[in-house]
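Protein chains in written order, with my numbering: chain A, 1 to 235; chain P, 236 to 512.
Keep in mind the hints are simulated off the structure, nothing from the lab. Here the structure is a predicted model, which is why all the values come from computation and not from measurement. Be careful, since some hints might not be right.
Claimed, not checked - Computed footprint of chain A on chain P; a stretch qualifies when at least three of its residues, placed anywhere within it, have a C-beta under 8 Å from a C-beta of chain A:
1) 336-344
2) 405-413
3) 496-505
Unchecked claim - Here's a subset of chain A near chain P, in silico, CB distances under 7 Å, partners left out:
4) 61
5) 65
6) 84
7) 87
8) 106
9) 125
10) 221
11) 222
What the hints assert, rightly or not - So the derived label-pair ranges between C-beta atoms look like this:
12) 140/A x 360/P: 31 to 39 Å
13) 108/A x 404/P: 28 to 36 Å
14) 143/A x 510/P: 32 to 40 Å
15) 285/P x 101/A: 46 to 54 Å
16) 19/A x 438/P: 30 to 38 Å
17) 510/P x 109/A: 43 to 51 Å
18) 19/A x 467/P: 18 to 26 Å
19) 107/A x 360/P: 29 to 37 Å
20) 152/A x 470/P: 50 to 58 Å
21) 152/A x 334/P: 21 to 29 Å
We put the CB at the ideal spot given by N, CA and C, even for glycine.
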Amino acid sequence: MSPILVVNEVAKNFVMHLRGGLVLPVVENVAFSLSAGECTVLGGPSGAGKSSILKMVYGNYGVDHGQILIGHRGGYIDIASAHPRRMLEIRRETIGYVSQFLRVVPRVCAHDIVAEPLVARGTTVETARDRAAELLTRLNLPERLWSLPPATFSGGEQQRVNIARGFITDHPVLLLDEPTASLDAENRRVVINLIAEKKKEGVALLGIFHDGEVREAVADQIIDVTGFAPKRAVA
Amino acid sequence: MTSQTQSEVLDTSIAPNEGRDERPLLSISGLSKLYGTRIGCRDVSLEVHAGEVLAIVGESGSGKTTLLNCISSSLTPTAGTVTYQMRDGRVSDVFAMSEAERRQLMRTEWGFVHQNPVDGLRMTVSAGANVGERLMAVGDRHYGQIRNRATSWLDRVEIDTDRIDDQPREFSGGMRQRLQIARNLVTGPRLVFMDEPTGGLDVSVQARLLDLLRTLVADLGLAVIIVTHDLAVARLLSDRMIVMRQGRVIENGLTDRVLDDPQAPYTQLLVSSILQV
């Protein structure tokens, strides 16, 4: 089966214009691919560029060199050079993302934050809220919190809202940036199960997991990001 | 995101064009505005599609308000064109229209939310009349219907409907701004221009207004061009943004890409100047 995402010769530098144009090479020659129904884990120590790779795939970071081809609407699009409008379409239809931290929107309650991505994809508000309720229940978020904006929630509670929001859609590709970092053992197991279900549905997952137990449980392929370390510092 | 032109060629060669040839609602090309020899904005080109929110950011004097005023035809540009696709699919050159046609466009297709509600409201007529006036301007004559629609819009922008006969000068700043939004949206525009809509408001009032705007924009599928110097407002409301400096567009892209991985030196300075709370 052809891969749904192909990363090819990707390189990324940060140019710090406020530091006299200092160039910080992050990664180079990044190459891997994702297949439907598999979970690929980016491994390596902090600072190796795992998050940067994830963010480039989501179009959140620019790509200096190389291609990121995504299967979208029956063809392949190069994310590295896609027009912003195309990228928004890809995010709506093809690539979902569970960020590390929830971006809290003033006044919007947890229940609606979770339901929102489904509503944006055309599901009725009622159905989306039902589905959101199922996920929040599975993730053991106390029902009394659902009607509150998550700004005052604990880190773990916010993360569960974020996970529910990310898992509610049926995007064919799902990116996970340390979704289990502040969860207890019970909720980590819930997330492991959610990932297993996504795989069964044929979703290709790309994730960062610092927790060894979770990584072992979900990974079909582990990519050592240190292999993409820049060979030399750019002057 | 450096080779935009090349990418478009690549995109079309390997991907289907579904939804791609959908024409923009608004197209701006080579727009410049000079005030004598001083530059307001220079050689700006951009497109806005139906349902898309574009933020224009930059510090005071960067030309963002000049640009907004040229696009919305409150100022006449020195050079460049602005075309708009009408509801019936016709594409019109905004500056080639007669005064009457342009006035009609502004009443039916466009809205303009000013930073200061006093500039967008009539302060000495009732809240209901402020909302109803735009309906009458597009030919509505039935008093009862006009009042009903005004009432439902006041409710929608969270103004107590008991206040329908009060004048906006008796309203707080946040209420006035919400009234201005109702006045603009009652005629069902497809494109709304906003100039620092949360500018003069307290933070708590700002949050409420932002949430309201976010909901209305999503529910109504509005296209919005919003000028703001507040990057948090841009992040919350917009899909794409352009950064202006000294009258020029120096960076553009997806809002989160521009904010999380700013490329231009000036954008890096702007982003790094945000105070964390």
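Okay, the hints, checked on the actual structure:
1. Residues of the stretch 336-344 of chain P lying with their CB closer than 8 Å to a CB of chain A number 0, which falls below the three-residue condition for coverage.
2. Counting residues of the stretch 405-413 of chain P whose C-beta sits closer than 8 Å to any C-beta of chain A gives 0, which falls short of three, so the coverage hint is violated.
3. Counting residues of the stretch 496-505 of chain P whose C-beta sits closer than 8 Å to any C-beta of chain A gives 6, which meets the bar of three, so the coverage hint holds.
4. Because the beta carbon of residue 61/A sits about 4 Å from the nearest beta carbon in chain P, less than 7 Å, this interface hint is met.
5. About 10 Å separates the beta-carbon of residue 65/A from the nearest beta-carbon of chain P, more than 7 Å, and the hint is not met.
6. For residue 84/A, the suggested interface contact is upheld, since its CB lies about 5 Å from the closest CB of chain P, less than 7 Å.
7. At a threshold of 7 Å, the smallest CB-CB gap from residue 87/A to chain P is about 6 Å, leaving the interface hint in force.
8. At about 4 Å, the closest approach between the beta carbon of residue 106/A and any beta carbon in chain P falls short of 7 Å, and the interface hint on this residue holds.
9. Of the supplied interface hints, the one on residue 125/A is violated, with its beta-carbon coming no nearer than about 10 Å to a beta-carbon of chain P, more than 7 Å.
10. Proximity of residue 221/A to chain P is violated relative to the hint, the smallest CB-CB distance being about 25 Å (cut-off 7 Å).
11. At about 26 Å, the closest approach between the beta carbon of residue 222/A and any beta carbon in chain P exceeds 7 Å, and the interface hint on this residue is violated.
12. For the pair residue 140/A and residue 360/P, the supplied restraint of 31 to 39 Å is violated, since their beta-carbon distance comes to about 54 Å.
13. At about 32 Å, the beta-carbon gap between residue 108/A and residue 404/P stays in the expected band of 28 to 36 Å.
14. In this structure the supplied range 32 to 40 Å holds for residue 143/A paired with residue 510/P, their Cβ-Cβ distance being about 36 Å.
15. Between residue 285/P and residue 101/A, the C-beta spacing of about 32 Å breaks the proposed range 46 to 54 Å.
16. Evaluation of the 30 to 38 Å hint for residue 19/A and residue 438/P yields a pass: the beta carbon distance comes to about 32 Å.
17. Between residue 510/P and residue 109/A the beta carbon distance is about 27 Å. The supplied range of 43 to 51 Å is therefore violated.
18. Residue 19/A and residue 467/P have their C-beta atoms about 25 Å apart, which keeps the hinted 18 to 26 Å range intact.
19. For residue 107/A and residue 360/P, the hinted distance range of 29 to 37 Å is satisfied, since their beta carbons lie about 31 Å from each other.
20. Evaluation of the 50 to 58 Å hint for residue 152/A and residue 470/P yields a failure: the beta carbon distance comes to about 21 Å.
21. The hint said 21 to 29 Å for the Cβ distance between residue 152/A and residue 334/P, and at roughly 53 Å that hint is violated.
The earlier numbered hints that this structure contradicts are 1, 2, 5, 9, 10, 11, 12, 15, 17, 20 and 21.
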